[in-house]
Amino acid sequence: MKLLILLFVSLPAIAAVKFSHERSTGLGFDQVALIEEAGTTVVKKTSNWFDVKEDYRLGRFVVTSGKDLAGVKAELAEIEQQLTVAEERLAASGTSFNDLNHNRAPHAPYFKVGEFKVIEGSVLYPRLVELSQRIEALSLSLVDGVELDKTRKFYVFYSNGKEVNREPFNARFFCEIPRFPTRCLARQWGALYLE
Amino acid sequence: MLKFTALLSLSLLSSSLLAATAAQIQTMKHRLSVTPSNCGLITSPLSSSDKTSINNSSSLREAVFAELLEKVDPSCLRLILQNLAFEPNNKDQIQQHRDRLNAHLQTVKPVSRKAPEVICYDPPTGLEELLALAKETKKINECRPMNPGDWVVVDERTGPTGIGADYALTKLGPQKWVAALSLDVRSRHGVSSAEMFGRINQCINAVNPAMRGPNNEQLEIKILTPDEASKLPRAKRPPTVQIEIQPTGARSHSKAYAADINCSTIVHEVLHLLGLCDEYKGDDDGYQCRAVPSGDSIMKSHWTVFNDTIPRQLSCECVSDYCHKLVALGDTDAVRIRANAWSLGPVDYEFRNKYCGSVYTQNQIPYNRGLVNKAQETTPEKFTVTLYDMSTSDLKKIFPMELKCECPAGDAKCKAVKDEVIRDIGSYGAESCPAGSKEKQSIYGVRGKVSLTTTGFTVPGSKPRRSTLLEPVHFSRIIGGSCEQVVTQYNECAKWAYKGTSNQNDCSGRPVYCDTDDWMK
Numbered sequence: 001m002k003l004l005i006l007l008f009v010s011l012p013a014i015a016a017v018k019f020s021h022e023r024s025t026g027l028g029f030d031q032v033a034l035i036e037e038a039g040t041t042v043v044k045k046t047s048n049w050f051d052v053k054e055d056y057r058l059g060r061f062v063v064t065s066g067k068d069l070a071g072v073k074a075e076l077a078e079i080e081q082q083l084t085v086a087e088e089r090l091a092a093s094g095t096s097f098n099d100l101n102h103n104r105a106p107h108a109p110y111f112k113v114g115e116f117k118v119i120e121g122s123v124l125y126p127r128l129v130e131l132s133q134r135i136e137a138l139s140l141s142l143v144d145g146v147e148l149d150k151t152r153k154f155y156v157f158y159s160n161g162k163e164v165n166r167e168p169f170n171a172r173f174f175c176e177i178p179r180f181p182t183r184c185l186a187r188q189w190g191a192l193y194l195e
Numbered sequence: 001m002l003k004f005t006a007l008l009s010l011s012l013l014s015s016s017l018l019a020a021t022a023a024q025i026q027t028m029k030h031r032l033s034v035t036p037s038n039c040g041l042i043t044s045p046l047s048s049s050d051k052t053s054i055n056n057s058s059s060l061r062e063a064v065f066a067e068l069l070e071k072v073d074p075s076c077l078r079l080i081l082q083n084l085a086f087e088p089n090n091k092d093q094i095q096q097h098r099d100r101l102n103a104h105l106q107t108v109k110p111v112s113r114k115a116p117e118v119i120c121y122d123p124p125t126g127l128e129e130l131l132a133l134a135k136e137t138k139k140i141n142e143c144r145p146m147n148p149g150d151w152v153v154v155d156e157r158t159g160p161t162g163i164g165a166d167y168a169l170t171k172l173g174p175q176k177w178v179a180a181l182s183l184d185v186r187s188r189h190g191v192s193s194a195e196m197f198g199r200i201n202q203c204i205n206a207v208n209p210a211m212r213g214p215n216n217e218q219l220e221i222k223i224l225t226p227d228e229a230s231k232l233p234r235a236k237r238p239p240t241v242q243i244e245i246q247p248t249g250a251r252s253h254s255k256a257y258a259a260d261i262n263c264s265t266i267v268h269e270v271l272h273l274l275g276l277c278d279e280y281k282g283d284d285d286g287y288q289c290r291a292v293p294s295g296d297s298i299m300k301s302h303w304t305v306f307n308d309t310i311p312r313q314l315s316c317e318c319v320s321d322y323c324h325k326l327v328a329l330g331d332t333d334a335v336r337i338r339a340n341a342w343s344l345g346p347v348d349y350e351f352r353n354k355y356c357g358s359v360y361t362q363n364q365i366p367y368n369r370g371l372v373n374k375a376q377e378t379t380p381e382k383f384t385v386t387l388y389d390m391s392t393s394d395l396k397k398i399f400p401m402e403l404k405c406e407c408p409a410g411d412a413k414c415k416a417v418k419d420e421v422i423r424d425i426g427s428y429g430a431e432s433c434p435a436g437s438k439e440k441q442s443i444y445g446v447r448g449k450v451s452l453t454t455t456g457f458t459v460p461g462s463k464p465r466r467s468t469l470l471e472p473v474h475f476s477r478i479i480g481g482s483c484e485q486v487v488t489q490y491n492e493c494a495k496w497a498y499k500g501t502s503n504q505n506d507c508s509g510r511p512v513y514c515d516t517d518d519w520m521k
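If you read the protein sequences in the order shown, they are chains F and Z.
Residue 195 is where the first sequence ends in the numbering used here, and the numbering goes up by one at each step.
Residue 521 is where the second sequence ends in the numbering used here, and the numbering goes up by one at each step.
Only true hints are included.
Facing chain Z, according to a computed beta carbon distance under 10 Å, are these residues of chain F, among others:
id	residue
1	90
2	103
3	175
No lab work stands behind these hints: they were computed from the structure.
Note that the structure is a prediction, hence the values are computed from the model and not measured.
Glycine included, C-beta positions come from ideal geometry on N, C-alpha and C.
So here's chain F without its partners, still in its complex pose (with noise of 0.2 Å):
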């Protein structure tokens, strides 16, 4: 028996990724995504590619704000549903959703939504894209990541929502150019678009 909970204790929590905005280039990979870890809605950012406001922290939040939250995961509950409903249909014509998407723009955003992705130009894009601007305007606390703080002389490292770190910020050393906008790293949390 105390075997089998020390098991069960030291497995690690399975986290589903419940939507995410993404896209790839050869430069790296943008993710913003809303993540169920043991009970929690987390978000995990490893870029500010996609924000509509300034906001400098990369890395894994806990969402401050329960009742902006709720209504944000319903609307997702219900666009996940006709995305199943929409897999039968096509199931029965023998194919599927995400055989449908084409190649055609590979490094253009998308959306996941669960297993199903979503492009550009699917009647569902612009509906995910508003749902996007919902969680981007979620009240995010930082838990572990990085911030560059606002006179941009720091990288701030934290882990579980406290400073453990920070780092001289050196455009030349992070940026790819020397000059606004460019393109930083942030360590391992991700990339830093700044203008």
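Position chain Z relative to chain F; hints supplied.
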């Protein structure tokens, strides 16, 4: 009286519905005749007052549907079928349209191809044999060696890799090929279509000398406007591809170029239109089945290969007082030191972020015109790079900086970078204009030398280390046109480039050779 009114209302309603449907049909027919390649336009709502789109089956009458299947490219048809799946089954004809579209997509017929040779044959055995013969004829035609003056049009229906290839190919001679593309660039965000088109054209013209095959064959890429393309006969006319312009900034993708898109990215995106797939790791976006070669390539790390291949001269314009003062010194060595301070070749920002600690700045030292960046090994895994920059507070002083980098045990790629930078750091030219200046123009094709102008300076870019942007297999794929029998391993691995968990593919069936570099040979 009430009954009459109700009947009249119903008949008026039916008439208006019929009228609306007729107007929608006309709109659809017009769209298909004018811009069959514009999927966004075709799938958009049919009128401002009508929220339904083409996906509403009551608008899809037979005549329009048949024209749709004939004219619209398969990638758009796939989206239409995908969108139709959101319509409930009980709407008229929905299921039938879905089944028909799907059946069509399973056996897509090419449109813009040369007609197969007529063979006089009296088939004794039936339809299956005829179809097999037609397929065989198609293969023979597509793989027939091209003679000078021959043309072939490759589009998504005929491209062997499954990538959206859209070009027309001709052979001018034994060592010379031309691939023509038609780009419809849309003005947006303060950049005119003419300006962006000009930039694309200038970039491609500059890199064409480096589009070479394994035996030094030359591939010339020609960029045409839709107007120029429309004047070509159908058999020579490349399909038109739409390019949108995005706002200035590092935000672009293959069908939407940022207003300040650079030449290396333009080249990479244009090569997609010639049928080449991405070769960088696809795990992060669910394309685990993608084959990734061990070395760099223009489809894997385009900025690296571009900088290694295309000589260029940077023309930098001063935008700060400091820069103006530096230029006013009249000392080309001071400008060289400033421009080359961060010219570290493969120790670029991605390498530094992963393998190097923060940069250490040291005490300023007196200016010395002979100073050149250096790198040295400190242990078999560690190395130090010393950079020199002009002091921004005192132009008679130099600002040394030190980078300490470490390669983890077993990281052969990191070690190769370490060995290279230690050997070659002195030959690296400027990769971008230094802070306090902005790039006025890069002249591709020449390196030039450091020189001063009234408003700035020119500096040579890095010395090329490669003679061609294309791997041999890339060249062969492009000039192979629609032929599936050239570079068969490349074709097979390319088909897996956009498959993985993102489309419920577990990569079973993927050839084993895609895990080696064999597919790139």
